[in-house]
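Visitor: Respectively, the protein sequence lines represent chains S and G. Numbering of the first sequence is given in my numbering, commencing with residue 56 and proceeding in unit increments. Numbering of the second sequence is given in my numbering, commencing with residue 56 and proceeding in unit increments.
Check the hints yourself; a few may be wrong.
In this list, chains with the same sequence are indistinguishable; a pair is considered to hold if it fits within one copy or across any two.
Pairs of lysine-lysine, BS3-like flavour, derived with a Cα cap of 30 angstroms [unchecked claim]:
1. Lys242 x Lys57
2. Lys57 x Lys454
3. Lys550 x Lys181
4. Lys511 x Lys566
If you're looking for bench data, these hints aren't it; they were derived computationally from the structure. None of the values given here were measured: they were computed from a predicted structure.
There are 2 protein chains.
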Amino acid sequence: MKYSQLFGKPTKDTSKDATLISHQLLVKGGFIRESVAGRYFMLPLGMRVQNKIVDIIRREMDSVGAQEMISPVLHPIELWQETNRQNAGNFGLMTLADRRGAKFALGGTAEEMFVDVVRKFQLSYKDLPFNIYQFSQKFRDELRARGGLLRAREFLMKDAYSFDTDAQTFKKTYGQMADAYFKIFEKLGLKTKQVLADNGYIGGEYCHEFIVDSNVGESRYLETADDSYCAHEDVAEVKLEPINPDEKPLPMEVRDLPTDVTNMAKLATHFKQPKWRFLKNVVYKRQDTGQIVIATIRGDLTVNKTKLEKAIDAIELLDEATPEDLKTLDTKPGFVHSWGHQALYVADLSLKTVINFYGGQKTETTDTFNVNYGRDFKTEVEADIALAQAGHTNHQGKKLTEVKGIEVGNIFQLGTHYSSKMKGATYQAEDGQLKPYYMGCYGIGIGRTLATIVEKYHDEHGIIWPKSVAPFAVQLISLPGGEESAEQLYDQLIKQGTEVLWDDRDEPAGKKFAVADLIGAPVRLVVSQKTQDAVEWKARTSQKSQVLSKKEVLTKLLPQKVQ
Amino acid sequence: MKYSQLFGKPTKDTSKDATLISHQLLVKGGFIRESVAGRYFMLPLGMRVQNKIVDIIRREMDSVGAQEMISPVLHPIELWQETNRQNAGNFGLMTLADRRGAKFALGGTAEEMFVDVVRKFQLSYKDLPFNIYQFSQKFRDELRARGGLLRAREFLMKDAYSFDTDAQTFKKTYGQMADAYFKIFEKLGLKTKQVLADNGYIGGEYCHEFIVDSNVGESRYLETADDSYCAHEDVAEVKLEPINPDEKPLPMEVRDLPTDVTNMAKLATHFKQPKWRFLKNVVYKRQDTGQIVIATIRGDLTVNKTKLEKAIDAIELLDEATPEDLKTLDTKPGFVHSWGHQALYVADLSLKTVINFYGGQKTETTDTFNVNYGRDFKTEVEADIALAQAGHTNHQGKKLTEVKGIEVGNIFQLGTHYSSKMKGATYQAEDGQLKPYYMGCYGIGIGRTLATIVEKYHDEHGIIWPKSVAPFAVQLISLPGGEESAEQLYDQLIKQGTEVLWDDRDEPAGKKFAVADLIGAPVRLVVSQKTQDAVEWKARTSQKSQVLSKKEVLTKLLPQKVQ
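Please model the complete structure; the sequences and the hints are all you need to start from.
Guide: Spelled out as structure tokens, the structure:
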């Protein structure tokens with residue numbers, strides 16, 4: 056196509072919120088444009104990339120026998136009520152009613168819808184297994200939407216749902232999808248790790264995220280040096296050894312405390328003790344019941360909210376308590392007790408690794424000392440709720456390191472989580488009995504994947520698209536004296552099916568080169584008076600150019616039938 | 056693919072509401088499935104057809120230089136307020152708010168969104184013209200949704216928006232799109248007529264519908280025998296000649312009327328007069344202001360609501376008046392006067408074609424006679440608001456015939472209708488001045504097009520897909536003794552890229568033949584003990600079959616590179 060005719064040309068405008076390089080380059084390059092916060096137009100350049108990503112995913116899904124279909128965007132709210140997911144506030148489900156009063160959810164994920172369509176058919180074991188998927192617009196009512204396509208309120212997603220007879224055949228399906236995901240991301244130029252993760256709101260027993268290492272990613276995971284263990288911080292198990300097993304338990308006592316010792320750092324300094332010596336309390340409130348939850352943990356550790364939510368079956372339901380909430384306990388920040396408040400107490404397993412804790416009953420002038428868990432206090436719930444950190448060891452005793460990355464895909468075992476809750480979600484087994492489907496689900500965020508490619512492939516001048524997803528295979532620049540030759544080459548490229556963007560404007564060379572670098576097609580061609588009937592060829596990744604004949608150029612740019 | 060693995064197999068279930076053959080066959084054939092009324096899952100078989108329709112449209116749009124992009128589904132309501140379209144109730148706009156209170160419309164059409172993204176760029180005349188389009192889910196809060204994909208509440212639509220500098224260049228764009236539409240529908244196997252239509256809610260000065268003749272269609276249009284005129288009933292002009300020009304106008308008088316003469320038919324019989332002799336009044340109420348509108352027309356004619364709405368600038372705003380509404384005029388059905396009520400009166404031009412009307416001031420026992428429009432009463436508004444009917448003549452004096460059809464696409468001139476209402480929707484002209492874009496928009500309903508193909512291509516056994524959109528090029532049936540041979544043929548077909556559905560089940564031949572006829576792939580192949588290493592070939596459109604070698608079959612089914 057001719058650059059003069061392109062809608063959505065590169066621009067200097069970029070949103071003030073654009074702190075990420077992918078966000079900046081996609082807006083500046085004319086790939087996307089914000090409608091309102093968190094909602095984006097995919098402009099013609101971006102659409103070309105998106106369509107290629109979609110094609111690659113579709114091809115791999117089809118090649119493992121998955122079948123494309125599509126569900127309505129508006130989900131009858133009754134389906135979400137069947138699985139009791141309609142009120143999980145942190146998920147950001149959007150709802151509306153039509154003028155006859157029927158209520159709908161705007162799909163943020165589609166487990167219920169897919170189970171609903173499947174149960175409309177009376178299936179037998181002979182019809183299973185199958186895997187059905189869609190590309191569809193998804194909605195999440197995020198409170199904050201920053202980062203461009205990395206966390207949008209509306210986004211295109213590939214979501215797949217598999218239906219098996221049992222765990223046995225499901226394992227094959229799950230493995231097949233993991234393999235397909237590695238292939239898909241490899242074709243998109245992304246090196247991914249399959250990371251054990253939390254299934255949270257989706258449910259089921261286990262799941263994995265596909266993560267691309269990146270410092271701007273929101274996924275933090277832990278891995279061992281030998282790659283034998285790789286787990287998201289929300290599920291990474293922390294194996295804690297006793298810290299001072301040889302210390303003699305002393306009787307608990309109340310001692311005076313200077314009034315200016317108000318936080319952990321000051322306590323450690325004041326008592327000349329390491330942080331692990333102290334008890335730490337973190338307070339949450341359940342959105343649904345209003346119940347106050349106090350997590351008690353060793354002073355050197357941090358509570359992981361997701362692990363805590365899972366331990367007390369309050370998935371996506373805990374908010375950090377406000378000072379107002381603390382007032383209902385007759386206390387205030389810094390003065391929460393490790394026992395005695397009207398609250399649900401949860402102890403991290405780390406409380407069992409220390410003899411003679413300091414703290415736990417702080418008042419304005421005193422605190423308790425030589426507190427021993429099990430002897431002096433005990434909580435209703437005990438669980439591993441600690442945030443894993445670099446230097447911790449995993450359950451095999453291997454040292455963990457921390458990695459940050461972007462989650463581009465995920466795969467979930469669902470088992471019978473949905474099919475057992477939804478009425479009639481069964482197939483007739485070989486023995487004639489009706490059994491719930493054994494399910495899995497599998498997502499890839501298209502916009503996030505697109506942005507991740509930009510995070511990985513760019514330089515100071517712009518984007519450097521991998522061939523497989525480049526909006527154009529080649530960008531052709533005509534300079535004075537080369538117009539006719541360029542037009543001839545352009546026509547030939549079009550004729551042989553090569554995707555070419557011809558910068559046909561009457562603008563200085565420097566401006567055209569800058570645009571070519573910003574848009575980032577893999578190859579730049581220049582035709583000018585100087586090149587005569589030949590062409591200057593430069594790869595986007597290279598500093599050097601070479602002069603080739605048109606015939607050579609055309610041959611090198613012949614589109615391959617299969618990418 | 057193997058039939059045993061297909062999700063969404065043909066079924067005997069069909070909705071009670073399925074009165075249309077396309078609705079019945081698409082549900083029975085396993086192409087679509089209802090979620091709730093008016094909202095459909097596109098099942099894998101239907102998705103294959105839909106993807107082909109999308110590809111054909113995309114290819115033709117791209118070939119005339121249109122550029123694909125996509126807008127968010129949720130439109131900020133402020134944009135709809137800019138053009139004052141947020142309250143047109145009959146259009147069925149759905150709205151919702153997010154948890155921060157921001158309000159959105161669920162797009163039913165996207166003029167405002169596309170103007171909004173275009174105005175974000177500072178464009179000059181050099182950047183124009185361009186035409187941008189999307190495939191996206193659309194929402195209409197229809198009160199009634201019947202007819203399967205022919206009138207759904209949620210549907211996939213291709214909508215395009217063109218931006219030109221002026222009417223001159225726009226004409227070329229408009230013609231180009233009309234040509235592209237003819238090509239698209241021809242490739243889909245549909246013969247369309249370009250029919251002058253009403254632009255209604257969309258606005259602008261003129262528009263055309265692309266209509267496929269069909270008795271189940273909701274579009275009624277009028278045409279001349281020589282095809283020189285073709286117009287939707289909502290815009291078809293009626294040329295009315297004086298009926299009794301030689302009659303002498305008599306003085307108006309009030310006469311007694313028997314109380315049992317209560318409607319037009321009884322009046323005509325009682326007075327032994329043709330229907331045109333009588334005055335007819337039809338009452339409406341404006342949704343926005345509550346104003347009562349009385350349309351007065353010749354007794355043999357019918358009021359066309361759309362023409363009336365246009366005449367008084369109340370697009371999509373008139374409802375038929377209820378008996379309650381008539382009470383506010385101190386009258387009741389059958390007793391509405393042609394003048395004198397507190398209402399806006401609109402006279403059809405037909406009132407000027409009759410001398411000595413009967414009626415106009417009916418009471419329980421009397422009425423007025425020899426009423427002459429202009430002499431005895433005159434309305435505020437006079438306009439052509441009559442429904443054109445077969446036998447009427449158009450403005451050229453040519454006789455009209457009536458045709459019913461399905462509107463599969465439409466093209467609209469918008470001019471500056473949107474760009475003049477929306478702030479900053481301008482480009483810099485060659486003379487440096489800022490001028491509003493000159494626009495057009497162009498829609499194709501994908502689901503409706505799919506259903507229309509079925510309406511046109513089926514027999515009593517099932518669907519007969521045109522090759523260009525068939526879910527599979529061929530359906531292979533293996534009968535006892537032919538399993539191995541079938542598998543071999545299947546593998547070879549897959550290898551050469553032929554789309555094949557292999558009915559690999561252990562079921563009687565009759566059942567498999569019935570399914571093949573229902574699904575409707577263009578070719579059926581049978582392999583059995585009888586055919587040995589050969590294959591029985593039968594076209595879906597033919598009663599006869601022939602035996603061919605596998606080599607011949609493979610050659611005949613080689614996929615063409617370009618359809």
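Visitor: Could you run down the list of hints and mark each one as holding or not?
Guide: Outcome of the hint check:
1. Lys242 x Lys57: both (28 angstroms within a copy, 27 angstroms between copies)
2. Lys57 x Lys454: Classified as neither; 56 angstroms inside a copy, 49 angstroms across copies.
3. Lys550 x Lys181: Classified as between; 26 angstroms across copies, 49 angstroms inside a copy.
4. Lys511 x Lys566: The answer is within: 25 angstroms in one copy meets 30 angstroms, while 54 angstroms across copies does not.
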